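Participant: Listed here are the chains, written in short residue letters.
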Amino acid sequence: MLTRPWPLTGRHELLEDIVAAIGEGCPAFFIVGEAGAGKTRLAREVLRALEADGRPVAGATATDTARVTPLGALAHLVPGGAVDSPPTRFAATRDAIAERAGGQPLVLHVDDAHHLDPSSATLLVSLAEAGTVRLVVTMRTGLRVPEAITALRASDGARSVTLGALDPDAIDSLLHRVLGAPLDGVAEAELVATSGGNPLFLRELVLAAVAEGSLRNVSGVWRLTGSLPASHALGEQVLGRMSSLTDVAREALELVAVAEPIGLDLLEALVGGEVLEHLEERSLIRVDQEQRRTNVRLAHPVYGEILRSSIGRVRLRRLSRLLAETVTARGARRADDALRVVRWQIDAGIPPDADVVMASARVAAHNLDWTTVAAMSRAAWEGGVADAAALLAEAHFELGEFDEVDAITDRALAEPATLSDQARSQLHRSRALSLTWGHDDSAAGVAEVASAQGTVTDPLARDLLVFSQAGLLAWAGRVREARELVEPLLESDDPRVVVQAATIVELVAATCGPTSQAIELADAWFPVHLGLTDRTGTNNPGNHLITKTVALSHAGRLAEALELAEFGYGTSVAGRNLIGQMWFALELGRIAMLRGDAAQSQRWYREHIALCRGTGHRRPITLGLSGLAVAEAHLGDVDAARRVVEELDGHPSAVIEIFAVERARGTAWAAAAAGDASGARRILLEAAAEAEALGVTMLAALARLDALRLGDTGQARPLAAAAAVVESAIIDLAARWAAAPGDGAELGAVGEAFAELGCLMFAAEAFAAAALAWRRSGEPRRATADERRADELLRQCRGANVAALTTVESVVPLTAREREIVLLVADGMSTKEVAERLFLSARTVSNHLQNAYTKLGISKRSELAAALSRLGGDGAAA
Amino acid sequence: MTPEEIQLVAEVIDRLDGRPEFADRFYERLFVAAPQTQAMFPDVAAQRLKLTAELASMVSMLGNLDTLEARARDLGARHRGYGVRASHYRLAREVMAAALADVLGDEFGPDEAAAWNRATSLITELMMSA
Numbered sequence: 001m002l003t004r005p006w007p008l009t010g011r012h013e014l015l016e017d018i019v020a021a022i023g024e025g026c027p028a029f030f031i032v033g034e035a036g037a038g039k040t041r042l043a044r045e046v047l048r049a050l051e052a053d054g055r056p057v058a059g060a061t062a063t064d065t066a067r068v069t070p071l072g073a074l075a076h077l078v079p080g081g082a083v084d085s086p087p088t089r090f091a092a093t094r095d096a097i098a099e100r101a102g103g104q105p106l107v108l109h110v111d112d113a114h115h116l117d118p119s120s121a122t123l124l125v126s127l128a129e130a131g132t133v134r135l136v137v138t139m140r141t142g143l144r145v146p147e148a149i150t151a152l153r154a155s156d157g158a159r160s161v162t163l164g165a166l167d168p169d170a171i172d173s174l175l176h177r178v179l180g181a182p183l184d185g186v187a188e189a190e191l192v193a194t195s196g197g198n199p200l201f202l203r204e205l206v207l208a209a210v211a212e213g214s215l216r217n218v219s220g221v222w223r224l225t226g227s228l229p230a231s232h233a234l235g236e237q238v239l240g241r242m243s244s245l246t247d248v249a250r251e252a253l254e255l256v257a258v259a260e261p262i263g264l265d266l267l268e269a270l271v272g273g274e275v276l277e278h279l280e281e282r283s284l285i286r287v288d289q290e291q292r293r294t295n296v297r298l299a300h301p302v303y304g305e306i307l308r309s310s311i312g313r314v315r316l317r318r319l320s321r322l323l324a325e326t327v328t329a330r331g332a333r334r335a336d337d338a339l340r341v342v343r344w345q346i347d348a349g350i351p352p353d354a355d356v357v358m359a360s361a362r363v364a365a366h367n368l369d370w371t372t373v374a375a376m377s378r379a380a381w382e383g384g385v386a387d388a389a390a391l392l393a394e395a396h397f398e399l400g401e402f403d404e405v406d407a408i409t410d411r412a413l414a415e416p417a418t419l420s421d422q423a424r425s426q427l428h429r430s431r432a433l434s435l436t437w438g439h440d441d442s443a444a445g446v447a448e449v450a451s452a453q454g455t456v457t458d459p460l461a462r463d464l465l466v467f468s469q470a471g472l473l474a475w476a477g478r479v480r481e482a483r484e485l486v487e488p489l490l491e492s493d494d495p496r497v498v499v500q501a502a503t504i505v506e507l508v509a510a511t512c513g514p515t516s517q518a519i520e521l522a523d524a525w526f527p528v529h530l531g532l533t534d535r536t537g538t539n540n541p542g543n544h545l546i547t548k549t550v551a552l553s554h555a556g557r558l559a560e561a562l563e564l565a566e567f568g569y570g571t572s573v574a575g576r577n578l579i580g581q582m583w584f585a586l587e588l589g590r591i592a593m594l595r596g597d598a599a600q601s602q603r604w605y606r607e608h609i610a611l612c613r614g615t616g617h618r619r620p621i622t623l624g625l626s627g628l629a630v631a632e633a634h635l636g637d638v639d640a641a642r643r644v645v646e647e648l649d650g651h652p653s654a655v656i657e658i659f660a661v662e663r664a665r666g667t668a669w670a671a672a673a674a675g676d677a678s679g680a681r682r683i684l685l686e687a688a689a690e691a692e693a694l695g696v697t698m699l700a701a702l703a704r705l706d707a708l709r710l711g712d713t714g715q716a717r718p719l720a721a722a723a724a725v726v727e728s729a730i731i732d733l734a735a736r737w738a739a740a741p742g743d744g745a746e747l748g749a750v751g752e753a754f755a756e757l758g759c760l761m762f763a764a765e766a767f768a769a770a771a772l773a774w775r776r777s778g779e780p781r782r783a784t785a786d787e788r789r790a791d792e793l794l795r796q797c798r799g800a801n802v803a804a805l806t807t808v809e810s811v812v813p814l815t816a817r818e819r820e821i822v823l824l825v826a827d828g829m830s831t832k833e834v835a836e837r838l839f840l841s842a843r844t845v846s847n848h849l850q851n852a853y854t855k856l857g858i859s860k861r862s863e864l865a866a867a868l869s870r871l872g873g874d875g876a877a878a
Numbered sequence: 001m002t003p004e005e006i007q008l009v010a011e012v013i014d015r016l017d018g019r020p021e022f023a024d025r026f027y028e029r030l031f032v033a034a035p036q037t038q039a040m041f042p043d044v045a046a047q048r049l050k051l052t053a054e055l056a057s058m059v060s061m062l063g064n065l066d067t068l069e070a071r072a073r074d075l076g077a078r079h080r081g082y083g084v085r086a087s088h089y090r091l092a093r094e095v096m097a098a099a100l101a102d103v104l105g106d107e108f109g110p111d112e113a114a115a116w117n118r119a120t121s122l123i124t125e126l127m128m129s130a
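Here the protein sequences line up with chains A and B, keeping their order. Under my numbering, the first sequence has 749 at position 749, and the numbering climbs by one with no breaks. Under my numbering, the second sequence has 83 at position 83, and the numbering climbs by one with no breaks.
Pulled out of the complex, with its shape left as it was, chain B reads as follows (with noise of 0.2 Å):
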């Protein structure tokens, strides 16, 4: 990733702060787009309030490849126990790229999207070497 790109994404995360319909969209779009992935989240009230704060935080660390590998690998352990596999990750982005963009509408351009799928990429890559 590009240092503008990193910038760009801490930006969207900035704009998330206070919209919890955010996480609403994600799984209610995952939900509809992979129903079997419903089985994967038996508390999704919880998931919900995790998910922009893990994302935050991974952002944070993308000028840091250490650090975000380290918490990548916990994380895509945890996935993989759940079942997670390698289309599920495909789809999250897809739908997480598209839940931004229901709630961001304009705040999240062609730029923001562009940069957005390649941390998305760059984390779930290593969440699936774990």
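Next up, chain A with everything else stripped away, as it sits in the complex (with noise of 0.2 Å):
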């Protein structure tokens, strides 16, 4: 019994609820505790228990030193994952995820979370949120986390347990059944007070006091003959019982803990297999078939940490040595092996060759690894390549560890002699950023660019400064002077300036107009771009294609936004861009929004904000933030909606004025689902018209569009000269649609041709409004027609009723409370159900449910649907 596996002891009635709460569909369930808590032990049982209820499960380890592999630790759910090359591998995974599920949700074990690589975690966030896996997350406790882990924690209906000490009753009970007798009472107060109620402790104590003889069978009762070791700590514990291995057996454990997971026919090849069947049968080690690989770990991951910290340096360097020289005279089978044997040479303090540290660097810049590209570009950086300062910094930024940047930039700055130009503009950007991002600061980010652009004499390294200072000063909303600095640009004969110039004047015209310019520059520049044989401190050519796709959807083509949309996002997932992910995911929320499709565009939007969380790009969040707010208040989740709000509320927003319309937006839709037309409107046109003082004209008119959609009569004039300007179908219609109050026929029209644009929503609201012109103006046949049509459109709407309901709040006067329940029975809940849901008496439901009725002029449930989709159609219905 004692070195089988340990019995699960006190830990029963959480099992159960960690069981009953997957079951129930809580999207992750984090179990915390200390080292040895018995955290993986309670996962796998829960596991277990929900492969008996005949769930798909499937477990996910991660480790500190496969960290440095992009998806690592998901790479044996896919099957020959271990030879795919990176740029493939999100995609594969996320599919091989998916598979596996099958129809129902997968429940995943991640283990370690706090070793997860942030590809790994990223993914896996985006499949929780998505329902396409339950994850039950053992972490440290104290140990960071990606952060899309933590986010994903404090997320609605995540849950968390701290596993604690067990109890001395439980010690006793678990040290009865695995000695199979009773203990007298020196040894089990003296095992009770020194494991501190630490299972994997407690199991090191006595499988230590068995072997060294003081703890012994005397006459069928466990007696402490000697003293416990004097070491309370768990690591000299763990090290005294490895201190019996033979140097070889010691040294075989020593390489799988620097280099864990590593394959056994390696590990076979550095020690030989008979060490291996012992450390195996002394539970020291386990060896997991993975998909094609076999692959050894230590048996608990405390080993490693011990193991690691206790190898002095110069032993590290041998090792490290060993296993580099090992896998490079074998050959790298996988592509990750190249960035591993880089590690392991830093680790011994080989001089790695410089240019040789810096291409990993880069291949892991690649992989958006930015861990290991600030471990590699600081090793290069310490090794005397003073450049390597520029990736370092970048790195840390990526990473959102703006102090870092700072005391980097700082640092390489202080002697500018030995840096390139190209690395002194690189620095200067960054800190810029830093400023900006990290300080909240961007008119000191601005000045910091501006004023290095005197230190430079390289044009290239000159010219991006420019650039940079005109990207910072367009995203801060000073448009105007972005415009002005950046166009010079595009004259340049450096075709590397020229293409990311163009990057800025299009963001700047597809969010201000014309958006013409935007996508005519994004058609000539983005072949330029991507065919640079040189891309050196340029961004990712994908940039001109997110930006033609914000200018197409504006311009009201959105057939083509949504096919550019889709295919920029195809392209980063199978790329393994995770921002260029992000960007599409949020462009395809919006395009979805503009379509009338809120319960996709709230599908798009959630996906961009975990992506968000994920990859420490935390500042387009707000953006898909407000979105969600928009698409959650169409759908009617007046409570989602305002939590959206409210998270968004908690961001700063001085570095991102360019969208602040944007953000408007998201808070007057929250405002107009909680029944406060006239609040949101109010917001809207405050917004609007600061949005069109800093010149930002278009976003500004699509406020002031949903300003028409909720009730206000004064647009005509601001969107007829929006019109002139930013060159856009839905503002044309829009600007139509406010200057035709009363016109049946003209709104009609709007109507119809919004169809054809494919915005439903927007085409059902004008022809709604159209019936209500022709019913005043006596034409009840017309109006009939025209509602007719609204219904059709609105059914194709996902969402609609929702929406209809809540846009035409200022006509029916529901409170919020009966649209609430208005809302829930026309979904097909019972009175009962909606009672329990909102924690009302039945009573007080139905009160409110009748009341509803009465000012619907409805008298039963079966009519509320369609009184519901006639109020899409005439506002005055009621």
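If you're looking for bench data, these hints aren't it; they were derived computationally from the structure. As the structure is a computational prediction, the values presented were derived from the model and not from experiment. Watch out, some of these pointers could steer you wrong.
Unchecked claim - To spell it out: a stretch of chain A is covered by chain B in this simulated footprint if at least three of its residues, at any positions, have a beta carbon under 8 Å from a beta carbon of chain B; those stretches are:
no.: 1; stretch: 7–13
no.: 2; stretch: 161–172
no.: 3; stretch: 179–186
To be verified - Partial list, computed: chain B residues near chain A (C-beta under 8 Å):
no.: 4; residue: Pro3
no.: 5; residue: Leu65
no.: 6; residue: Arg85
no.: 7; residue: Arg118
no.: 8; residue: Met128
no.: 9; residue: Ala130
What the hints assert, rightly or not - Every beta carbon over 10 Å from chain A, so not counted as near; a handful from chain B, in silico:
no.: 10; residue: Asp24
no.: 11; residue: Tyr27
no.: 12; residue: Phe31
no.: 13; residue: Gln36
no.: 14; residue: Arg48
no.: 15; residue: Met61
no.: 16; residue: Gly63
Yeah, the Cβ is synthetic: ideal placement off N, Cα and C, and Gly gets one too.
Two chains, two frames, some hints: make the complex.
Facilitator: Here it is in structure tokens:
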């Protein structure tokens, strides 16, 4: 019994709670605790129970040493994953997990989440948010986890438990069971006190004491004849047990500690198979078959930490050298082996070839594994490559570690003579970004790159500083200055400068107008950007496609925008470009909303938000949250919209002013959904005026269209003014709509034109306005025809009933509570279910419902759907 | 458990001999603390008669883990069938200690209570592993 797994003890109640929670749909259950508290064991029991219930389950283990490999924790879930090249791995992993899940959510145990690589974390969180997986996450108390995981833990529905010490009764029962006989009082008291209730420590203590002979079974009772080892530290306890190993066995264990997971074949080549058998028998290592590879790990993560901290520098260098040389000699089998070799070389103190390290750092940067980029570029920097500081600063910026960026840029720029102009330019740009996004001081960021322009002579390095300044100005909403500064760069002879400058002009044109300028520039410069053989200092060519998508959708060319966004999204996923994926998800959310598909829009915005959280690129999250608030409001989820706005309010806005009006649209729609249409209109009009003062005309016009939809009657003139500038079919129609109150024929024509653009919700609303106009001018037949058309269009918009109800709030004065209840009932809930959901009595719900029926002019539930749909078609129905 | 604790628990069981009110108090307290458990024991009268005997039998096996484990697993499987969950085991242990204090008074002192808790911990852990 002693060497077999010990029985789960003192945790059954928790086990049942977690199994029940996951079974009931909890997206993620976090088990947090100290090393050795039994987190993994508990999680495995949870999975076993769920598997017995017929649910699909799988496990993923993150390890410190595997962290260097993007998606390393999930590789074993992908058929052939071990040999995949990094660019296709993200998509392959996602597809493989979705496939494993089949129809049902896959219950996935993520072990040691504090070791997860950022890519795995992002993928897992987006899968959890999509409901494809339910996670059982184990993680160490007090250790940092990827931000996506932290956010998931704080999200609605996720649950957490902290695994504390076992109580003395449970320890006593456990000892009794594994020893198989009573224990004398001294031994019992010693073991309970010394282990501190930590099951792993208890196990180590007992195994050591039995091996040494100090704990012995004397006539049916276990007695402590000597004393327990003096050390109370788990680490020394573990090392004590390992001290009896032969030198070869010890070294084998240390190699696993340095390189886990390590291929069995490699390890056999290094130490021989016999010694590994011995280690496996003593429960010090475990061997896992994962797809095509057989990997060796230490039996408990704590062993690795303890061993690694006990290995001296000299020894670590020797082991790392051995690993690096052996893998190199055998030939790297996987794309990631090269990365690991460089890492071992760094640990071995083998001065890695600076070029090789920098090349590896760039590979890691391509993988967006900024932790590895930081480690490698720091090694190169400390190895005397002064220019490596530039990539190092960039990596820390991407990791959101602004203090590091400041420290590195300060130190590197203190000796500017050692740096190339390129590196200096990059360092100033990183410092400016840190000032802007890290310290919320966009003015200081702009000043940083402006003043640096005099310190470099290389034209490319200087022009990139100008580009950077223009970019910061544009994001800060100073679009006129940005345009003025960057447009001359379009004339540069260096295509690397032109393609960068074009991205800024495209951004400004897409958000301010004219949209055609953004589209033309993107068409002209994207192929050039893509074709550059030397992309030094330039950003991703995909930026052209992102801004072109924005411009196309703003222009009202929704089908083209959708096609491009889907292409960009697919390409980003296939290429593991999380940043691209994040932006295209945002655009897909915006396009879906323009098309009137709030449900689809909500899904895309959620993906965008999950990706923002996962990548360390938190800044665009305010855009996703703004959009999500609009989508939730249209879906009628008042609480969700309010919560999103609350989260939005917690984010600084100073550095992303160009999109300030988008933020206001989120806030406004949340207010409208909660029944405050006049407040919503006020928010929209104020924000639109501010955006127009900056010159952000296109986005301002979209806010004015919202105000129009919410019943504002004063939008004719400003929308006409915007239409003249922005080149947008949507705004053209909005201007016609605003200019034609009471004109049924014109409003119907606007509705038809919106329908042709694919803006179904706007179309339905315009037809509803037309019907109202016809009815008021005494032409009921035409009114009925347009009502029918509005109904038809609304039915094609998912979540449309809800939106209709919220938008006609001023006409049908339902209270927020009545509206909430009506929507739930329309959704098919019984009175009793609604009462439970809202924590009200059934009687209260019935009263509210009755009042709502009266206001809606109906008498029973079966008429509700028709009434809601009619409301969308004709606001005067009540 | 230590041999001394096993001895103390055995003495507690001896003192229950001829005191049927222990089972009464146990079920009274249990049904107050967790009314939903009443449904798990449709025939409480029979259960009352069995409780003390079952306890005595298990306690007598404390020195022999294999025998105890087989018995506890069997009993645990049946309890699982009644819908008994881990939280009920915890509750039952608390209620049982209180019922013993009710019935035995000073004869159920701190040492007896501590030993009793060790015994019920071991027995319920074995039952839950079924």
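Participant: Hint by hint, note whether the structure agrees.
Facilitator: Results of checking the hints against the structure:
1. Counting residues of the stretch 7–13 of chain A whose CB lies closer than 8 Å to any CB of chain B gives 6, which reaches the minimum of 3, so the coverage claim holds.
2. Judged by the Cβ-Cβ criterion of 8 Å, the stretch 161–172 of chain A is covered by chain B as claimed, because 3 of its residues qualify and three suffice.
3. By the rule of at least three residues with a Cβ nearer than 8 Å to a Cβ of chain B, the coverage given for the stretch 179–186 of chain A holds, with 6 such residues.
4. Interface restraint check: B:Pro3 against chain A, minimum CB-CB distance 5 Å, threshold 8 Å, status holds.
5. At a threshold of 8 Å, the smallest CB-CB gap from B:Leu65 to chain A is about 5 Å, leaving the interface hint in force.
6. Contact between B:Arg85 and chain A, as hinted, is supported at the beta carbon level, the nearest pair being about 6 Å apart and thus within 8 Å.
7. Because the closest C-beta pair between B:Arg118 and chain A is about 5 Å apart, less than 8 Å, the hint holds.
8. Taking 8 Å as the C-beta contact cut-off toward chain A, the hint placing B:Met128 at the interface holds, the least distance being around 4 Å.
9. With 8 Å as the threshold, the beta carbon of B:Ala130 stays out of range of chain A, its nearest partner Cβ sitting at about 11 Å, so the hint is violated.
10. Listed as outside the interface, B:Asp24 is consistent with that label: its C-beta sits roughly 26 Å from the nearest C-beta of chain A, beyond the 10 Å cut-off.
11. At roughly 22 Å, the least C-beta separation between B:Tyr27 and chain A is larger than 10 Å, which holds for a residue marked as non-interface.
12. For B:Phe31, the non-interface assignment is confirmed: its Cβ lies about 20 Å from the closest Cβ of chain A, beyond the 10 Å cut-off.
13. Once the 10 Å rule is applied to beta carbons, B:Gln36 is consistent with being away from chain A; the minimum gap is 15 Å.
14. With a closest Cβ-Cβ approach of about 26 Å to chain A, B:Arg48 is found to remain outside the 10 Å limit, as its non-interface label requires.
15. No beta-carbon of chain A is positioned within 10 Å of the beta-carbon of B:Met61; the least distance is around 12 Å.
16. Distance to chain A contradicts B:Gly63 as a non-interface residue, since its nearest Cβ pair spans about 6 Å, not more than 10 Å.
Of the numbered hints given earlier, the model fails hints 9 and 16; all others are met.
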